[in-house]
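Participant: What follows is each chain in one-letter form.
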Amino acid sequence: MAAEIGQLALILAFLTALFQGAAPLLGGQFSTSPLQASIRVATLVQGGLILIAFLCLTYVHAISDFSVVNVVENSHSAKPFAYKLSGVWGNHEGSMLLWALILALYGAALAVSDRASTLKTLTLSVQGMIASAFIAFILFTSNPFARSFPAPADGMDLNPLLQDPGLAIHPPFLYLGYVGFSLTFAYAVAGLITGKVDAAWARAVRPWALAAWVFLTIGIALGSWWAYYELGWGGFWAWDPVENASFMPWLAGTALIHSLRVVEKREALKVWTVLLAILAFSLSLVGTFLVRSGVLTSVHAFAVDPTRGVFILAILAAVTGGSLLLFALRAPLLQSHATFQPVSREGAILLNNVFLVTACATVFIGTFYPLFIDVLTGTRISVGAPYFNASFLPFMALMLVFLAPGAALAWKKGRLKATIGRLWPALAAAGAIGVIAAWLSWPGPIAAALGAGLAIWAGGGAIVDLLIRIKAFSSPPGAAFIRAANLPRAYLGMTIAHLGLAVVIIGVMGAGVWRTEIVRFMAEGDVISIGGFDARLERVIVEAGPNYTAERAVFSVEREGAALRDLTTERRFYPVRGMQTTEAGIWTMARGDLYLTLGEKSEAAGWAVRAFFNPFAVWMWIGAGLMALGGGVAATDAPRRLMRRAPTIDPGAAIAAPQGAST
Amino acid sequence: MKRILFLVPLALFVVLGIYFAVGLTRDPSHMPSALIDKPLPEFDLAAIEGETRGFATSDLDGEVALINFFGSWCISCIIEHPVLMDIAAREGVVIAGIDWKDKPGAGKSWLDQRGNPYVFIGDDPSGRTAIDFGITGAPETFIIDHKGRVRYRYAGPITPQIWQRDLKPLVEKLRKEGDDAP
Amino acid sequence: MLRSIISAALALIFAVASVEPTLAVEPDEMLDNPVLEARAREISRQLRCVVCQSQNIDDSNAPLAKDMRLLVRERLVAGDSDEAIIAYLVARYGDYVLLKPPVQTNTAFLWAAPALIFTFAAGMAGLYLSRMRRADNAAADERR
Numbered sequence: 025m026a027a028e029i030g031q032l033a034l035i036l037a038f039l040t041a042l043f044q045g046a047a048p049l050l051g052g053q054f055s056t057s058p059l060q061a062s063i064r065v066a067t068l069v070q071g072g073l074i075l076i077a078f079l080c081l082t083y084v085h086a087i088s089d090f091s092v093v094n095v096v097e098n099s100h101s102a103k104p105f106a107y108k109l110s111g112v113w114g115n116h117e118g119s120m121l122l123w124a125l126i127l128a129l130y131g132a133a134l135a136v137s138d139r140a141s142t143l144k145t146l147t148l149s150v151q152g153m154i155a156s157a158f159i160a161f162i163l164f165t166s167n168p169f170a171r172s173f174p175a176p177a178d179g180m181d182l183n184p185l186l187q188d189p190g191l192a193i194h195p196p197f198l199y200l201g202y203v204g205f206s207l208t209f210a211y212a213v214a215g216l217i218t219g220k221v222d223a224a225w226a227r228a229v230r231p232w233a234l235a236a237w238v239f240l241t242i243g244i245a246l247g248s249w250w251a252y253y254e255l256g257w258g259g260f261w262a263w264d265p266v267e268n269a270s271f272m273p274w275l276a277g278t279a280l281i282h283s284l285r286v287v288e289k290r291e292a293l294k295v296w297t298v299l300l301a302i303l304a305f306s307l308s309l310v311g312t313f314l315v316r317s318g319v320l321t322s323v324h325a326f327a328v329d330p331t332r333g334v335f336i337l338a339i340l341a342a343v344t345g346g347s348l349l350l351f352a353l354r355a356p357l358l359q360s361h362a363t364f365q366p367v368s369r370e371g372a373i374l375l376n377n378v379f380l381v382t383a384c385a386t387v388f389i390g391t392f393y394p395l396f397i398d399v400l401t402g403t404r405i406s407v408g409a410p411y412f413n414a415s416f417l418p419f420m421a422l423m424l425v426f427l428a429p430g431a432a433l434a435w436k437k438g439r440l441k442a443t444i445g446r447l448w449p450a451l452a453a454a455g456a457i458g459v460i461a462a463w464l465s466w467p468g469p470i471a472a473a474l475g476a477g478l479a480i481w482a483g484g485g486a487i488v489d490l491l492i493r494i495k496a497f498s499s500p501p502g503a504a505f506i507r508a509a510n511l512p513r514a515y516l517g518m519t520i521a522h523l524g525l526a527v528v529i530i531g532v533m534g535a536g537v538w539r540t541e542i543v544r545f546m547a548e549g550d551v552i553s554i555g556g557f558d559a560r561l562e563r564v565i566v567e568a569g570p571n572y573t574a575e576r577a578v579f580s581v582e583r584e585g586a587a588l589r590d591l592t593t594e595r596r597f598y599p600v601r602g603m604q605t606t607e608a609g610i611w612t613m614a615r616g617d618l619y620l621t622l623g624e625k626s627e628a629a630g631w632a633v634r635a636f637f638n639p640f641a642v643w644m645w646i647g648a649g650l651m652a653l654g655g656g657v658a659a660t661d662a663p664r665r666l667m668r669r670a671p672t673i674d675p676g677a678a679i680a681a682p683q684g685a686s687t
Numbered sequence: 020m021k022r023i024l025f026l027v028p029l030a031l032f033v034v035l036g037i038y039f040a041v042g043l044t045r046d047p048s049h050m051p052s053a054l055i056d057k058p059l060p061e062f063d064l065a066a067i068e069g070e071t072r073g074f075a076t077s078d079l080d081g082e083v084a085l086i087n088f089f090g091s092w093c094i095s096c097i098i099e100h101p102v103l104m105d106i107a108a109r110e111g112v113v114i115a116g117i118d119w120k121d122k123p124g125a126g127k128s129w130l131d132q133r134g135n136p137y138v139f140i141g142d143d144p145s146g147r148t149a150i151d152f153g154i155t156g157a158p159e160t161f162i163i164d165h166k167g168r169v170r171y172r173y174a175g176p177i178t179p180q181i182w183q184r185d186l187k188p189l190v191e192k193l194r195k196e197g198d199d200a201p
Numbered sequence: 053m054l055r056s057i058i059s060a061a062l063a064l065i066f067a068v069a070s071v072e073p074t075l076a077v078e079p080d081e082m083l084d085n086p087v088l089e090a091r092a093r094e095i096s097r098q099l100r101c102v103v104c105q106s107q108n109i110d111d112s113n114a115p116l117a118k119d120m121r122l123l124v125r126e127r128l129v130a131g132d133s134d135e136a137i138i139a140y141l142v143a144r145y146g147d148y149v150l151l152k153p154p155v156q157t158n159t160a161f162l163w164a165a166p167a168l169i170f171t172f173a174a175g176m177a178g179l180y181l182s183r184m185r186r187a188d189n190a191a192a193d194e195r196r
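Chains as they are written, first to last, in my numbering: chain E, 25 to 687; chain F, 20 to 201; chain H, 53 to 196.
Think of the hints as simulated: they come from the structure by calculation, not from any bench.
Everything hinted at is true.
Lysine-lysine pairs mimicking PhoX-like chemistry, simulated, CA-CA at most 25 Å apart:
{"#": "1", "chain 1": "F", "residue 1": "187", "chain 2": "F", "residue 2": "57"}
{"#": "2", "chain 1": "F", "residue 1": "195", "chain 2": "F", "residue 2": "57"}
{"#": "3", "chain 1": "E", "residue 1": "289", "chain 2": "E", "residue 2": "220"}
{"#": "4", "chain 1": "F", "residue 1": "21", "chain 2": "E", "residue 2": "220"}
{"#": "5", "chain 1": "E", "residue 1": "495", "chain 2": "E", "residue 2": "441"}
{"#": "6", "chain 1": "E", "residue 1": "625", "chain 2": "F", "residue 2": "122"}
The whole structure should be built from the sequences, with the hints applied where relevant.
Facilitator: Next up, the structure:
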């Protein structure tokens with residue numbers, strides 16, 4: 025029954041979204057309140073309907089209703105309850121429904137926030153067009169509510185790699201990010217239609233862009249963290265097409281949240297910012313296309329339904345093609361009379377955009393190049409991590425050179441020498457740490473030392489600039505603190521986020537370059553020494569989990585003879601899928617992670633054990649958290665907070681408004 | 020002039036869209052072999068346990084043949100197996116098999132159970148010959164011409180449709196080439 | 053629907069059947085000579101696990117990746133150079149096996165693109181900024 029209710033709700037949501045998208049085309053004045061009200065109501069109703077559909081799917085997963093194909097294919101009666109819930113989006117159909125739900129929630133959040141305006145009405149309408157396309161995609165190619173006759177006794181279980189807390193919450197954050205850019209996209213299209221891309225437009229868009237960016241940052245970090253501890257290879261980023269699919273919109277979105285500041289402050293870079301908004305969402309769609317259509321999957325990878333690829337490509341053509349056509353027609357009319365000097369915050373932000381867009385284009389070309397070559401010549405090549413590291417990292421390094429002084433420059437007209445002069449403590453620290461790091465890693469590659477030095481320059485520069493601004497060196501701590509609290513949120517957020525980036529880079533250098541590794545056989549009682557620690561294999565026990573069996577190795581970790589703690593690592597076997605997963609044993613410390621994984625047992629030699637010491641690994645996740653925090657702080661920047669609208673009459677609004685999304 | 024600049028993103032996107040569209044029509048399992056038109060790799064494989072005759076490069080001299088990589092562990096091979104039986108019986112095509120990374124005796128009992136379409140069977144427990152062929156999975160099938168050159172590689176289980184559409188015409192063409200040659 | 057289930061199941065079987073789980077690099081594969089072993093690890097990181105999605109053979113658990121790792125070490129012990137070993141695998145698997153595509157005609161654009169795009173983007177930004185400066189200076193003159 026629940027499946028049928030969900031199906032019906034989805035169909036009604038489709039019709040509502042169609043109305044929401046088409047209403048302005050039916051005629052009537054944008055500025056008339058009946059049209060505005062009806063689009064607003066449609067947005068909320070659509071959100072409510074999708075929520076019902078999503079809850080229905082959650083319900084059939086929760087009760088393991090094996091008469092629903094989606095449950096059969098992705099669940100099992102013995103699966104832990106939490107993963108029955110996360111299994112809702114641990115598959116293609118359910119994850120697309122989550123996509124649509126988040127899209128609707130963003131629309132609803134916009135509908136209940138702010139005053140009604142032509143811009144908002146148009147934005148909601150564009151949002152409706154996107155929603156109708158995606159709901160149609162679900163209904164016609166990826167129906168999660170299809171029944172199976174006859175219902176099997178049990179299901180095929182969820183891919184065990186997905187049965188993990190990190191990956192359970194990774195997709196919702198990722199989609200909150202991807203889909204959040206639908207709003208900035210819709211605003212861009214609406215701005216092109218109205219021809220008004222000004223400071224008010226930027227103020228309306230910026231919180232949404234920042235929210236999307238914050239969620240995407242968290243989503244990518246969660247995915248990377250998951251890969252780090254679950255795949256057992258000690259790495260955190262593989263430049264896999266699926267990873268790149270999330271990274272490209274992040275790079276474009278990062279450029280966007282910067283350039284939006286220029287529109288807000290100076291009403292310049294309008295055309296470029298609109299293009300970035302289109303780009304960020306288009307890249308989210310391209311990512312979806314990439315992952316769901318199978319154009320880039322390797323020979324023996326997943327099965328994909330080609331009709332899905334065709335459908336997503338059609339959506340991409342309509343959304344991106346349509347908006348770029350509109351861009352070609354309308355963008356030339358966007359005029360700016362603002363002026364500024366090249367050496368200024370505006371100029372620095374443009375430089376930031378040059379780096380980020382180049383990096384984004386590089387990742388894009390690297391990701392799709394094998395496809396282009398296949399289409400053009402029929403030969404197959406691979407583009408892997410060595411290419412991306414060689415082509416992407418130099419631009420990031422260059423960007424870091426400019427980051428601290430660029431962020432400290434004054435708006436409109438800055439003074440470069442004076443600014444760099446002010447930041448001398450950061451420069452000195454960066455130089456010192458860079459030299460020390462190079463000396464420590466000698467004769468190894470010094471690129472990582474360079475990276476660490478640049479990170480200190482960028483992060484230290486952000487701190488020094490903050491301290492100077494609050495006069496920390498020349499006034500009592502209390503006064504400085506009050507000044508810090510009164511700093512514009514945009515500045516405070518930027519400083520936190522830049523510091524976060526620096527921290528991430530230290531972590532990437534540590535875990536990516538300075539890591540040490542030992543692979544060897546161990547019998548019970550053997551000791552492996554790495555990173556200054558001695559890990560003794562105490563015992564290996566076999567244990568049964570709910571839907572798996574595990575071999576668990578218990579290590580006791582010592583340092584200089586002093587027992588510190590136990591560390592366990594597991595190898596799990598999931599019989600339903602016939603798959604094996606690793607649960608790495610990780611001891612996270614500020615200076616690095618001790619990371620142990622267990623392999624096969626050889627009768628003669630004992631257990632194969634792979635041990636890593638990954639210096640500063642945890643800094644990556646802390647840094648990513650700081651970046652997200654910074655984005656969140658910046659999103660609460662002043663003007664918007666003053667324009668809250670009174671509570672609305674619609675009861676659906678209360679259900680549909682997501683927490684946090686309206687910040 | 021300035022307006023043209025605004026068309027650039029759209030133009031780039033159209034080009035991209037065409038690539039994506041063509042990309043969708045590509046068969047992702049299409050993996051051109053690096054060995055096409057090159058001579059067969061040199062190998063001399065022992066018989067699988069329970070059989071007496073092995074399989075070496077020289078066994079196929081002058082004959083258009085199929086070389087099929089299989090393994091008793093490979094589930095797709097079970098699906099492909101009846102098709103190979105049919106091809107061997109009805110079309111009179113020489114099929115040689117290479118048992119890839121199997122446990123001793125497993126290949127033999129697998130064939131005893133299902134029938135043996137292979138004229139020669141070589142055992143490749145180390146997988147070294149498979150690497151020489153550039154194998155990416157099982158099953159995979161190569162078509163060899165009368166000069167002992169690799170002419171085609173198919174990755175994945177051969178279905179009757181694929182046999183009729185792609186492989187059979189090529190085998191017939193190669194046989195004709197062989198007959199025409201002095 | 054049924055057809056798509058079957059095809060999904062088939063693909064899964066096809067992919068997974070060959071995956072007998074192992075640790076990526078196993079201790080018994082490793083060479084006693086640390087110099088050769090270091091070279092082996094470095095070569096392995098350049099080579100794609102051809103049954104995987106963008107993984108190198110050093111990180112992969114696939115049996116085929118293991119076979120390739122063993123092959124790399126055998127050739128090293130036999131005295132082959134790094135380049136010869138990579139060429140050996142390219143002769144069998146084509147450029148597909150290389151994670152770092154070689155610089156050649158069909159990858160010229162790939163390798164040139166980052167610099168080209170950067171030059172273009174920086175050039176456009178430079179043009180825009182110099183126009184901005186002229187306009188800003190003119191505006192400042194007007195105000196004066």
